[in-house]
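A.B. asks: Residue numbers (the working numbering), protein chains in the order written: chain P, 393 to 758; chain L, 393 to 758; chain Y, 393 to 758; chain A, 393 to 758.
The hints are simulated quantities; they were obtained by calculation from the structure and are not laboratory data. Quantities reported herein were computed from a predicted structural model and do not represent experimental measurements. Mixed in with the good hints, there may be bad ones.
Unchecked claim - Here are the simulated lysine-lysine pairs, DSSO-like style, with alpha carbons at most 30 angstroms apart: (1) Y:Lys535 to P:Lys535; (2) Y:Lys431 to L:Lys413; (3) L:Lys413 to L:Lys714; (4) Y:Lys643 to A:Lys697; (5) P:Lys491 to P:Lys758; (6) Y:Lys704 to A:Lys605; (7) P:Lys431 to A:Lys706; (8) Y:Lys706 to A:Lys605; (9) L:Lys413 to Y:Lys535; (10) P:Lys491 to A:Lys427; (11) Y:Lys605 to A:Lys704; (12) Y:Lys593 to Y:Lys431; (13) L:Lys605 to L:Lys427; (14) L:Lys427 to A:Lys758; (15) A:Lys758 to A:Lys491; (16) L:Lys758 to L:Lys491; (17) L:Lys427 to Y:Lys413; (18) P:Lys758 to Y:Lys538; (19) L:Lys714 to L:Lys431; (20) Y:Lys758 to A:Lys605; (21) P:Lys580 to P:Lys605; (22) P:Lys605 to Y:Lys538; (23) P:Lys643 to L:Lys714; (24) Y:Lys706 to L:Lys427; (25) Y:Lys535 to Y:Lys413.
Protein chains: 4
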Amino acid sequence: MAGSSFGNIFKITTWGESHGKALGVVIDGVPAGLKLSEKDIQPFMDRRAPGKSNISTPRNEADEAEILSGTMEGITTGCPISIMVRNTSQHSSDYSNIKDIYRPGHADYTYDAKYGIRDYRGGGRSSGRETIGRVAAGAVASKILKELNIDVCSYTLSIGPVSIDRSNFDRSLITCLPTCMPDSKADKEAVEYINGLREDKDSAGGVIETVIKGMPAGIGDPVFEKLSANLSKAIMSIGAVKAVEFGDGFKVAGSTGSENNDAFRMSGDEITKITNHSGGLLGGMSDGSDIIIRCYIKPTPSIFKTQETVSKDKEDVSINIKGRHDPVIVPRAVVVVESMCAITLVDALMTNMSSKLGSLTDFYLK
Amino acid sequence: MAGSSFGNIFKITTWGESHGKALGVVIDGVPAGLKLSEKDIQPFMDRRAPGKSNISTPRNEADEAEILSGTMEGITTGCPISIMVRNTSQHSSDYSNIKDIYRPGHADYTYDAKYGIRDYRGGGRSSGRETIGRVAAGAVASKILKELNIDVCSYTLSIGPVSIDRSNFDRSLITCLPTCMPDSKADKEAVEYINGLREDKDSAGGVIETVIKGMPAGIGDPVFEKLSANLSKAIMSIGAVKAVEFGDGFKVAGSTGSENNDAFRMSGDEITKITNHSGGLLGGMSDGSDIIIRCYIKPTPSIFKTQETVSKDKEDVSINIKGRHDPVIVPRAVVVVESMCAITLVDALMTNMSSKLGSLTDFYLK
Amino acid sequence: MAGSSFGNIFKITTWGESHGKALGVVIDGVPAGLKLSEKDIQPFMDRRAPGKSNISTPRNEADEAEILSGTMEGITTGCPISIMVRNTSQHSSDYSNIKDIYRPGHADYTYDAKYGIRDYRGGGRSSGRETIGRVAAGAVASKILKELNIDVCSYTLSIGPVSIDRSNFDRSLITCLPTCMPDSKADKEAVEYINGLREDKDSAGGVIETVIKGMPAGIGDPVFEKLSANLSKAIMSIGAVKAVEFGDGFKVAGSTGSENNDAFRMSGDEITKITNHSGGLLGGMSDGSDIIIRCYIKPTPSIFKTQETVSKDKEDVSINIKGRHDPVIVPRAVVVVESMCAITLVDALMTNMSSKLGSLTDFYLK
Amino acid sequence: MAGSSFGNIFKITTWGESHGKALGVVIDGVPAGLKLSEKDIQPFMDRRAPGKSNISTPRNEADEAEILSGTMEGITTGCPISIMVRNTSQHSSDYSNIKDIYRPGHADYTYDAKYGIRDYRGGGRSSGRETIGRVAAGAVASKILKELNIDVCSYTLSIGPVSIDRSNFDRSLITCLPTCMPDSKADKEAVEYINGLREDKDSAGGVIETVIKGMPAGIGDPVFEKLSANLSKAIMSIGAVKAVEFGDGFKVAGSTGSENNDAFRMSGDEITKITNHSGGLLGGMSDGSDIIIRCYIKPTPSIFKTQETVSKDKEDVSINIKGRHDPVIVPRAVVVVESMCAITLVDALMTNMSSKLGSLTDFYLK
């Protein structure tokens with residue numbers, strides 16, 4: 393089935409495989425009148441690009457985004473925006489030895505089970521390169537959110553056992569440090585941890601936290617298009633994410649109502665909450681406070697240790713993975729998570745516009 | 393926006409509020425030829441009904457499901473199945489004192505922010521009664537899964553600090569014990585814990601676990617209609633769920649690739665996995681092993697302690713909630729989670745049928 | 393597949409069969425704040441009800457609409473509106489003789505081919521009664537359009553060879569005359585024509601015209617959600633419609649560019665067109681002039697002449713249809729066409745609200 | 393709103409404007425295992441390309457289709473197929489004089505009304521070049537249909553007053569003659585007619601007929617996803633189409649039930665119909681006989697006569713259109729209509745696969 397589109401009236405459709413000719417996205421429903429050029433897209437592409445540090449794959453992918461449609465003289469026209477990145481640094485030969493073998497922890501077996509064929513070159517569509525389209529679309533969504541004074545910020549909260557110290561939080565570090573942590577001390581420790589694992593031919597996982605500021609209250613559509621539900625889907629659709637939580641998240645199960653309820657209080661003319669256990673979401677809609685999301689990323693399944701597995705021909709075999717793989721994908725996934733959140737928010741903000749009859753009459757009878 | 397539908401080609405549309413005339417669901421895309429009557433629906437309704445034990449609300453809602461369309465002589469015809477439950481035990485007057493006050497932890501404020509109006513009677517659409525339609529549809533989806541030898545089993549894993557002991561696991565207890573735990577010892581402890589909280593005018597949260605057995609490999613549609621993504625959305629759309637995880641879930645963040653990867657091994661002619669850290673999902677598709685999901689439910693926000701909040705008129709006020717509320721909603725949510733999983737699985741199984749050209753030619757040229 | 397829903401963010405889901413317990417609709421995405429009660433729905437139901445004249449079936453169906461959800465104190469809350477009509481005058485026994493025979497011109501054979509089972513009682517889901525849900529939703533959509541000063545008016549343009557004389561056009565007659573023509577002279581001739589056919593055990597077809605006034609320019613979403621495309625789908629989804637045209641319609645094929653182009657001219661500060669060959673649609677979007685649609689309805693397939701056909705068991709047989717059938721369905725279809733147009737317009741007006749970045753910033757930063 | 397996608401589980405998303413960098417389509421839901429290369433796409437592109445005869449625009453657009461994703465070693469993998477055509481022969485300067493003027497019969501005014509900005513270069517997204525993506529997708533859909541022995545054939549039925557003589561029908565002529573008529577005598581007359589109009593600086597319209605052979609009975613999903621409804625939408629979404637009809641189409645309005653009903657008769661073991669007034673559709677589903685569709689295309693609005701119109705600045709002005717325009721677009725639209733039909737059929741065939749419980753159990757328990 394067609395599963396490559398996401399969103400209702402702001403909709404993205406991604407395409408492309410790791411070792412195909414190109415990858416990209418069609419972003420449909422972008423409002424007309426937004427200034428947009430490749431200069432807006434490229435910084436997002438660069439944040440997900442590998443080769444920036446020694447904890448990332450040494451593959452050097454330029455990943456230059458080209459806008460093919462939907463703008464005129466640097467302004468969006470309301471028509472679908474097609475963005476493409478050509479593949480340039482693909483070594484298909486790296487994968488010839490695993491052509492008929494299912495790598496543990498990868499989607500090789502499930503793709504074969506579903507389609508009876510599998511693009512074995514670099515994982516094909518299940519590769520992390522699939523996120524190129526998401527990130528390009530995220531750059532566009534983020535630009536729209538900026539016009540609405542809404543800010544989405546994702547960063548690495550932890551890698552393996554190393555977590556940031558919130559008292560050190562420095563947002564400017566996120567896009568500078570190899571781990572995308574907002575804390576240089578934790579970053580250093582995490583790099584050491586990863587280097588240790590790499591020597592062991594092993595890999596690490598971690599946690600990405602996202603904080604969304606400035607969302608008006610009441611965004612999200614009950615009961616299945618709740619903002620919480622769509623953010624979960626958006627994030628869980630990213631490869632390697634195994635858990636998602638909002639606000640106090642997992643901890644709520646052990647809490648009590650009196651601890652977990654956030655009291656409302658007026659702050660001037662504004663309705664505010666004294667605490668934010670809910671993570672900015674009540675009844676699945678934004679409640680005006682910061683939306684707080686954490687997702688849990690599994691360790692890179694491509695490790696260089698010998699592993700036990702089976703072949704397509706149903707024989708037990710050993711496998712030694714080659715190629716150029718990230719010992720941890722968390723830092724490169726940060727911008728992917730941020731992008732999927734931004735895309736989800738823009739769609740929800742748009743569908744919200746017709747919630748009240750008064751909004752329709754204001755719009756059409758003004 | 394229309395947010396009351398879920399699913400692609402097996403699609404449910406729920407409607408109804410806590411204190412309206414009735415609640416229900418339209419289930420569209422049900423295959424023709426399924427034996428179906430109210431007798432199949434009612435056991436699911438009874439599992440979510442309150443009043444069964446002293447840890448649940450004393451409201452006594454019969455919740456009798458009536459099938460209004462889509463069957464002839466006890467067989468589905470392929471036409472949409474409409475199921476309705478009349479409201480009978482509603483006391484709107486219980487809510488008159490909170491008409492203009494936002495209850496902490498509830499969706500009162502966000503509904504008002506979105507719609508400029510709020511059905512204050514029992515929470516309106518944000519009430520747990522909204523799940524009646526989901527559960528009726530879940531009964532139908534479960535019956536289809538049974539025909540395909542697929543089994544979905546949800547149960548309470550923990551309430552507050554009390555977790556089940558897996559060595560005591562007895563499935564037959566789930567639908568008998570007040571906590572819906574599969575372990576009578578834990579059940580007793582949990583009931584005591586809840587009774588203690590109730591005396592304190594407080595409430596508890598907990599964890600629901602779901603195990604799905606018998607799913608063929610390869611179900612789910614990359615990249616946004618992954619089974620993992622849609623299950624997350626399905627579950628996170630249930631009120632009070634704040635976190636979702638698959639398999640090892642949030643623990644993966646601290647694991648390593650060599651620990652977390654599941655080795656494949658042949659077992660006779662079957663491809664199997666030696667471990668199941670992945671929770672039955674690789675690349676977002678089913679991998680043939682058990683699918684394991686846990687979701688984390690917050691404590692009931694309706695507590696009888698005095699709480700601080702604000703009024704619709706933007707004044708700081710105190711609130712004392714009255715009415716008949718569950719001190720913990722986890723046991724009643726078990727069948728809701730199971731239902732949402734079943735609905736998601738049926739849709740994914742259906743959309744999978746056209747994944748291979750050979751399936752199309754087999755179907756149409758046989 | 394789920395085929396019972398229509399619309400994107402204003403979405404209807406209909407359910408029910410001719411001889412089931414009830415029929416109805418869930419209308420999702422209705423904006424909050426609309427005054428709405430059964431009094432708004434019933435006049436639409438009455439327009440499609442049979443038994444009003446001797447050119448319609450003598451079945452007497454009260455078709456009382458009950459609103460089950462989505463309003464509080466007579467105001468919509470933004471939650472889905474469920475409307476139900478109980479079946480009361482169904483004679484299933486009328487159909488026992490055609491249980492295993494395919495009526496010519498009906499959907500009996502195609503339903504059996506698709507589902508392997510068919511609700512033979514009154515045509516089941518393919519009955520004209522299926523339109524009850526559409527009309528109830530049309531009443532709601534029309535009420536929203538009225539708030540926006542948009543007027544949708546459908547009427548019978550012709551029955552068999554009898555057409556209205558446009559110089560006699562009197563809108564007030566549409567809901568009074570048995571043919572739903574806006575011309576009493578043509579109405580009389582058409583009634584005579586139908587009575588003649590009835591004596592011959594035969595039936596008639598006709599044309600329904602719809603004129604939409606007050607649509608702002610620019611509504612409809614290129615390229616597949618054009619207003620023209622969605623109106624076509626909406627109308628062609630009504631049973632018995634075999635052709636749809638806009639403006640000059642079929643005649644454009646024989647016209648020339650210089651004849652068919654509508655010149656623009658200023659009229660005060662308004663951009664207007666001197667002619668309206670386009671029928672109010674350019675590039676599939678509304679152009680600010682009247683939208684003009686005609687659809688062509690086939691003669692009722694249920695005739696009382698003996699006909700040749702086949703049985704389910706694949707034998708050639710003769711068939712004599714009994715029961716109470718309209719000798720022409722055009723008059724009763726008028727309100728169905730009007731309803732489907734109204735539903736389509738509301739959805740398009742809503743999705744249009746996010747077309748410009750300026751609309752988003754006006755909405756959220758005001 | 394996102395309006396650039398069409399289809400449910402076989403879904404296309406088109407992008408691109410007349411004078412942008414490129415145009416294309418993402419085809420999602422293509423089953424794995426189909427042999428596919430550019431050689432399958434190019435013949436469809438060539439059929440819609442201009443410059444093939446003197447009744448078409450002298451623009452010479454190579455329109456070379458490049459497959460960017462979704463295949464491996466010439467076989468589809470189940471992943472989305474992205475196809476792109478680079479623009480090469482665009483003369484934006486041709487349009488500078490109409491930058492601020494609304495061309496009669498074009499979408500200039502409606503695009504401006506909707507988006508507040510308009511890509512004036514060659515009509516932007518409302519250009520006939522938008523159909524490039526549809527035709528590329530149509531080539532893929534047609535290849536799938538061929539595997540299922542389903543044949544879709546579109547051709548020019550008439551241009552202005554010149555219709556084909558059905559007794560001369562020769563399918564092999566369709567792709568050879570400049571008019572795409574299956575009758576060389578009518579073709580010659582039509583060419584003369586067009587040449588006469590061209591001398592008058594005028595343009596012609598016409599009719600395209602489509603015949604679909606081999607569709608199994610029961611395809612299409614009641615009640616809104618009827619095959620008839622979706623084919624109407626598919627075809628009416630093509631620019632310049634103003635009317636669509638099935639089978640006897642608009643003539644049914646003047647027919648009677650006894651004339652219009654098609655009698656069923658057994659032909660060997662097959663259920664067949666003696667006549668085909670229904671055009672192969674009963675209850676909106678395929679009835680096993682040929683599906684017959686006609687659509688009516690308006691004359692090219694770009695004519696070289698001086699026309700009256702208004703400017704963006706709301707002034708009455710005269711306009712003289714320059715550039716290279718087709719005096720009739722019917723021949724080039726033939727392959728677009730055929731493509732949209734093929735796409736609609738594939739989607740309907742796929743969604744039909746889960747209509748019966750028995751199909752699900754056959755598929756999963758075999």
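A.B. asks: All the hints need checking, so say for each whether the structure fits it.
C.D. replies: Against the structure, the hints:
no., hint, verdict
1, Y:Lys535 to P:Lys535, "violated, 37 angstroms"
2, Y:Lys431 to L:Lys413, "holds, 17 angstroms"
3, L:Lys413 to L:Lys714, "holds, 22 angstroms"
4, Y:Lys643 to A:Lys697, "holds, 22 angstroms"
5, P:Lys491 to P:Lys758, "violated, 63 angstroms"
6, Y:Lys704 to A:Lys605, "holds, 23 angstroms"
7, P:Lys431 to A:Lys706, "violated, 36 angstroms"
8, Y:Lys706 to A:Lys605, "holds, 22 angstroms"
9, L:Lys413 to Y:Lys535, "holds, 23 angstroms"
10, P:Lys491 to A:Lys427, "holds, 20 angstroms"
11, Y:Lys605 to A:Lys704, "holds, 23 angstroms"
12, Y:Lys593 to Y:Lys431, "violated, 38 angstroms"
13, L:Lys605 to L:Lys427, "holds, 23 angstroms"
14, L:Lys427 to A:Lys758, "holds, 21 angstroms"
15, A:Lys758 to A:Lys491, "violated, 63 angstroms"
16, L:Lys758 to L:Lys491, "violated, 63 angstroms"
17, L:Lys427 to Y:Lys413, "holds, 18 angstroms"
18, P:Lys758 to Y:Lys538, "holds, 15 angstroms"
19, L:Lys714 to L:Lys431, "violated, 35 angstroms"
20, Y:Lys758 to A:Lys605, "violated, 57 angstroms"
21, P:Lys580 to P:Lys605, "holds, 28 angstroms"
22, P:Lys605 to Y:Lys538, "violated, 38 angstroms"
23, P:Lys643 to L:Lys714, "holds, 27 angstroms"
24, Y:Lys706 to L:Lys427, "holds, 26 angstroms"
25, Y:Lys535 to Y:Lys413, "holds, 28 angstroms"
In terms of the numbered hints stated before, the structure departs from hints 1, 5, 7, 12, 15, 16, 19, 20, 22, listed from lowest to highest.
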